[in-house]
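Asks: Listed here are the chains, written in short residue letters.
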Amino acid sequence: MRRLWLDLGDLGVFVNPSGPHEKWQDHGLGLLRTILRQNGVETDLASLRSLRSWRELDPLLAGYDMLLMNIRSYTFPFAYKAARQFKKVNPKGLVITGGMHATVAPDEMEQIEAFDRICQGPGENTIVGLAKDPLAFPRVIQGSGAKSMAEWPLMDRTLWPNPKRPDFPWPLEPECGWGPNPVATVITSRVCPWQCVFCNESSYIATMGRKPVDQVIDELNYLDDHYGPLGSVVIHDSMFFQQPAWLKEWLEKYPRKAHKIWPYWAAGRADTVRQWPDLFEALIRETRWDHLSLGFESGSDRVLKILNKECTAEDNYFAIDLANRIGDDMERQGKPAPKFWANLMLGIPGETHEDAFATIRMLKRMKRVLPSISFYAPYPGSALGYQLIAEGKSLMRKDNYHRFPSDEKLKGIDYRFYSQLLAGKFDREINRGLTDSAQAGSYEEALFKA
Amino acid sequence: MSSFNTPHHLYLFAMQNGKKKLAYGPSPAEAYENLKLRLTPAEMKSVIKDQYQQITQRELHQHARELG
Chain A
357 MRRLWLDLGD LGVFVNPSGP HEKWQDHGLG LLRTILRQNG VETDLASLRS
407 LRSWRELDPL LAGYDMLLMN IRSYTFPFAY KAARQFKKVN PKGLVITGGM
457 HATVAPDEME QIEAFDRICQ GPGENTIVGL AKDPLAFPRV IQGSGAKSMA
507 EWPLMDRTLW PNPKRPDFPW PLEPECGWGP NPVATVITSR VCPWQCVFCN
557 ESSYIATMGR KPVDQVIDEL NYLDDHYGPL GSVVIHDSMF FQQPAWLKEW
607 LEKYPRKAHK IWPYWAAGRA DTVRQWPDLF EALIRETRWD HLSLGFESGS
657 DRVLKILNKE CTAEDNYFAI DLANRIGDDM ERQGKPAPKF WANLMLGIPG
707 ETHEDAFATI RMLKRMKRVL PSISFYAPYP GSALGYQLIA EGKSLMRKDN
757 YHRFPSDEKL KGIDYRFYSQ LLAGKFDREI NRGLTDSAQA GSYEEALFKA
Chain B
11 MSSFNTPHHL YLFAMQNGKK KLAYGPSPAE AYENLKLRLT PAEMKSVIKD
61 QYQQITQREL HQHARELG
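Taken in sequence, the protein lines are chains A and B. Last residue of the first sequence: 806 in the working numbering, with the numbers rising by one and none dropped. Last residue of the second sequence: 78 in the working numbering, with the numbers rising by one and none dropped.
Bound-form chain A, shown alone:
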């Protein structure tokens, strides 16, 4: 049986100059292809991101018996288009799908006739049987995953698509402004257990044991030995700054056992920073947690309640002031100061102009910051997404989940106001009460995909 795994994403990303975040490799693809190979099931690989047009896809699909795809909501439109092309080229071929969208929007997946098998949930313990004998499974399958990330094999990164570009250090990844080239992306934990209603990832991913600290360090040292020298690390966890016992072990072992203390990007929440401030400070100072991706979302308590963030604006300001202070001190010592990768959301249903001003005012309090601002997007699978879809307020459709940052996502939101806000039109109102040094700033370029 000839099997093809299709990597999904924007066409041309690996061909033309493009944003760094479009180029991240797919850890799900890498892990599952590694498991398949270790079990003697070979798959070929093609990437939509290496194509300039859909016309280039047909010849790549020809002659295959099976097409496999890991589908996220924002790649769903690509997946069903690819599946239809596959069926046209190989009428007897089977399309095997899985991934997050299969889990959060099974109805939409089942409507696509070209999807012969749909695997919901994790696939680590299902993929081999499914790829070997798909007809032995029903159309919709509940996948099964590992109990702990410790059970995952070392991912073979050479099974990722190779863009074959001089600026892409495959099988490592290119830097995106968060640290020196080349970058190793790793995952140390799965599932953020909090209940923010724009995400709710723990509603669809079962709790899973965290990857042991030694295993993470061993993987980084292996990558450094085989493909390095590494420049920096991106820890892709939804929520790195959780589980203090694990973090304390990381604090103790990473500086001592890693070949080098590579600076890294990782995520946290303001209330965890407030809960464990000493640990937060020690990680910044001793392990080079240089890029602090904190999910502030809003500077308004009203909006934080709408998002069920379970944090207050006061929590956010606590984290900001602490990191500013640590940064000032490190700069005085001639060391690189930590920067915020500040996750902020605008265009939230119920948000007033004053709420939005409070968010931008909060952003201006951060001394060293890379703003990451998104318009709220009502994805299926999240509590607020489900609710807004049911209320008929979502403008997102299955053919436009993949969207541009400035696309309108909800009825009743004054997107023109937000464009003007990001362009600085309301700076006089926002700057009231801020120090002179904090008043500058236009954020039009800071708008990212949600």
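Derived by calculation from the structure, the hints in this document are not laboratory data. Glycine included, every Cβ here is placed at the ideal spot set by N, Cα and C. Where hints are given, some of them may not hold.
No more than 25 Å apart at the CA atoms, straight line, and that leaves these computed lysine-lysine pairs for DSS-like [to be verified]:
hint, chain 1, residue 1, chain 2, residue 2
1, A, Lys767, B, Lys46
2, A, Lys609, A, Lys691
3, B, Lys55, A, Lys749
4, B, Lys29, B, Lys59
5, A, Lys749, B, Lys29
6, B, Lys46, A, Lys749
7, A, Lys695, A, Lys604
8, A, Lys604, A, Lys503
9, B, Lys29, A, Lys767
10, A, Lys488, A, Lys444
11, A, Lys767, B, Lys55
12, A, Lys437, A, Lys379
Computed footprint of chain B on chain A, listed as stretches where at least three residues anywhere in the stretch have a Cβ under 8 Å from a Cβ of chain B [as the list claims (entries may be wrong)]:
hint, region
13, 544–555
14, 558–566
Following the hints, put chain B in place on chain A, whose structure we already have.
Replies: What follows is chain B alone, placed relative to chain A:
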């Protein structure tokens, strides 16, 4: 330090039209109040304040079709 000292829960409030409205907060009363932050008074009229069911986050998907 909200999530550490006042954890939130998800609630499904009954609606006049037989559907359910998802709300969240530290208590049913606060969850109902939080709904007012984004719904109009007319929309709130259809939500029955004293008829609710607490659900866990893991149960969210099985209730998606009941929402309105």
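Asks: Next, verify each hint and record whether it holds.
Replies: Each hint tested on the structure:
1. A:Lys767 <-> B:Lys46: 18 Å, holds
2. A:Lys609 <-> A:Lys691: 21 Å, holds
3. B:Lys55 <-> A:Lys749: 18 Å, holds
4. B:Lys29 <-> B:Lys59: Given that 25 Å is the threshold and the Cα spacing comes to 14 Å, the pair holds.
5. A:Lys749 <-> B:Lys29: 16 Å, holds
6. B:Lys46 <-> A:Lys749: 16 Å, holds
7. A:Lys695 <-> A:Lys604: 22 Å, holds
8. A:Lys604 <-> A:Lys503: The hint holds at about 23 Å.
9. B:Lys29 <-> A:Lys767: 21 Å, holds
10. A:Lys488 <-> A:Lys444: 23 Å, holds
11. A:Lys767 <-> B:Lys55: 20 Å, holds
12. A:Lys437 <-> A:Lys379: 21 Å, holds
13. 544–555: It holds: at least three residues are needed, and the region 544–555 of chain A offers 3 whose Cβ sits within less than 8 Å of chain B.
14. 558–566: Holds, because 3 residues of the region 558–566 of chain A bring their Cβ atoms closer than 8 Å to Cβ atoms of chain B.
Going through the hint list in order, the structure satisfies each hint without exception.
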